[in-house]
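Colleague: Residue strings, one per chain:
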Amino acid sequence: MRNSTIRNSLLSAASILALLLVWKLMAVYWNQELIMPAPETTLVTMWQVIQADNFWQSVGYTLGRGLLGFVISCAIGVVAGFAAGFSPPVMWLLQPWVTVIRTIPVMSVIILAIIWFRTDIVPIFVTFLMIFPIIYSNVLSGIKNIDKQLLEMAHMYRVKPRRIMTELYFPAILPYLMAGAANAMGITWKVIIAAEILSQPRFAIGTNLMIAKIDLETARVFAWTAVAIAISFILEYGLNVLEKRLKKWG
Amino acid sequence: MTFRLRDIDITFGDLPVLKQLSMDMDEHQLICILGPSGSGKTTLLNLISGSLEPDRGQIEGFEGKSISFLFQETRLLRWKTVEDNIDFVLKDRLSKTERVEIINRYIEMVGLKEFRRYYPDQLSGGMKQRVAIARAFAFPSDILLMDEPFKGLDLQLKNSLMQAFANVWLTDKRSVFFVTHDLDEALLLGEEIFVLTPSPGKVKGVITNAIPYKERNLNSDPLRSIKDRLYQLITAP
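Protein chains in written order, with my numbering: chain A, 2 to 251; chain B, 105 to 341.
The shape of chain B in the complex, shown without the other chains (with noise of 0.2 Å):
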């Protein structure tokens, strides 16, 4: 296991968000946080990404690797085309002719290509977050942190975004946490999907799928199987 959380504890005040909570995680996956809002998967992604301290417990794995994001907002700088965008978070660290071609390749991987030059405000909701998604793919990270960037759109923008997300993820396996309270997006996104009670967060448990991406179609019985027994782990008491 290369990432490991060990009975994690921390409290907000009087108020406990996470208590004992305990995961081991494989590199180059798809995890998915699944939990209802309240569960810590924020403070969570917080403590993976070392901008929070727990109280209690060890955190392993995530020492000195490089990080890059996707919030539920898209968080994109208005005044910078598509191409800028993603150049603005790439510019400390890579070369110009490097960093031409990385963006070159996310672009085109999101589908974008002909909107390299536009501004934020000329692009739909689901391009904007294609284009977050680029910047956090061409970012030269090893764990990509998920924060709902899907709540809130209708079903078929969420669709094909999270089919976007998937075909750059499966050239490019980054180390995803992907935090949601929707157990579709789990269902279609995650390897490993862990189920965390509501308030305070805690582990309750772990359901593995591992049906290849193409034959992920929520209509199908061995995908209805898995969100059978989730929703089994979800409700049990």
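Excised from the complex, chain A in its bound form (with noise of 0.2 Å):
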């Protein structure tokens, strides 16, 4: 057990240094900082942007965007995952709208949104139109899948449906739930992130990346980059800690 643990860093190790030698030898074999910015040099970009003035002012502001469009398309999600779970004619009404947001192309969605709100809201907005079918339809299928005999049995002893609500279709809902969660959390940061790209607000990860394009600087647009995956990792390390929680709940 213990030694297939150590084994698996020791893979999961070697792969990380692998990359970072193709990377390498990619940027020796172009030599060309505009193409493909050296490790190194991207690790001192990087340094140099967390230093700039409003390196904290952007990746809060994109944080924010995106928790607060992950946390809206969440509560959202899962109100009407459990509206149309429980009532056939509300999921039917729900139906078409949620397949047709399904399957907008993510840059007409942006396009438009920069048309219509501000774009401090562009972002968010998206972000809530890619990542509530997900939620929507895991919550669905969660209510769908729920075991009907546990249910009878609560029925049978008479349990308040206040508590069947809390302590069985929750718990049972949950794997669901944060499984779609995952999976919308990955989603949110490329789509906040490209929405800002294109809507430009005054403090964003996209805007800085947008702004290195422009200026041709390539190893600025690399560390942006491995800015945003970290935000990525720190917030998908926070999501399980979330679950883990929440699974002593039930």
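Because the hints were derived from the structure by calculation, they are not lab data. Just to be clear, a hint being listed does not mean it is correct.
Here are the computed lysine-lysine pairs in the DSSO-like style, where the Cα-Cα straight-line distance is at most 27 Å [as the list claims (entries may be wrong)]:
1) K195/B - K149/A
2) K217/B - K184/B
3) K149/A - K184/B
4) K232/B - K161/A
Got two chains here, each in a separate frame; can you build the complex from them with the hints?
Modeller: Now the structure itself:
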């Protein structure tokens, strides 16, 4: 057990090392910072980026938009998923909307949102449209797959509906919800930054990426990308911790 | 007679499930309903629990009675421990101190004291069924309905569970309605054994088994003679 954990960590470390090596080899091969900056150049640039005046503000705003979009989408997705799970008419009413939302190209949404909303709101709106369907359908399938025999047992023992909801439905749906949330969290960062690149809010990781690109500073593009990846990792870890907490609740 | 079913008819679609079924039963007895599959045993339990209404006939003695259940599946909440699973059905009815006392008592009776904080996934199938037995008895009920709770278990496990069940029941005699298709289960647990006909179900006969539980052994002569009578009743035209 322990041995295999150590072995797995070693494998992951080796894989990261290989990635850096390939990166370095490509940088050496092209020998043009504009196309492929070397890992060490990126690291230095990243240090500069972090020290710049607008770094924490940009990260903070992007993070705020991401979390706001994520929380709003989760909340509405859970409520809508429950409503649809308990009432087939609601499900059939929502179905066309969800299907349309799910199939709209991200770029169309971003462009329309730029036309309609303030630049600050665009990323949040886009995030909502991208992840609401995921949360909604996961909650819905959680409710549809609930163990009917457990429900029957709870009803036969005349457990109060409110407790059936909090002690039976919620814990049973939690794995579906968390799987959806983990999936949605990954998408959120990709979508938020894409929307920021096009809508250019004053403080944003996406805006910085776009400026770096316009300035032809590829190393800075890499550095901001690395920052985005790091944030994504931290949040996914946070989500895991939250899931463990929630599991105890049922 | 405290419980009475009189001329019950029930049909699902075109299929008559119970026809002219009548039963008279006393309180605090372990009543066994023995019948082949399709004889409407589960339907009979649903009529008793009130989740089904008969097409015709009277059902008396069950009004306002509180009922607990033992199913073939254990139906435990995976995310709750042994004690919390029992607490789940008690919480709306009893105070915290009463619950703790009752939960402890029944967990001990089914021999799971050390496992009270375990989750169902950490228990064997037999242990889970013991938790379900503890839950059924911990629930403040007048009646206990059992729908083939020992079906599909291996012989040794089945015997130890029936033993555990009988031990709890002897200290706490609820009115039990125990449905089974297994002759040996009926002989080991039943006090009154009602034999049903194949579909549509009606009562073919009743056999009383007055042998004390401690002396019930499938190889003993008294139980054998009851088994012969049961067998004759089942195979009679």
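Colleague: Determine for every hint whether it applies to the structure shown.
Modeller: Verification of the supplied hints:
1. With a C-alpha separation of about 21 Å, the suggested pair K195/B and K149/A falls inside the 27 Å cut-off, and the hint holds.
2. At roughly 16 Å between alpha-carbon atoms, K217/B and K184/B fall within 27 Å of each other, so this suggested pair holds.
3. Our distance criterion of 27 Å between C-alpha atoms is met by K149/A and K184/B, whose separation comes to about 17 Å.
4. With a CA separation close to 24 Å, the supplied pair K232/B and K161/A stays within the 27 Å bound.
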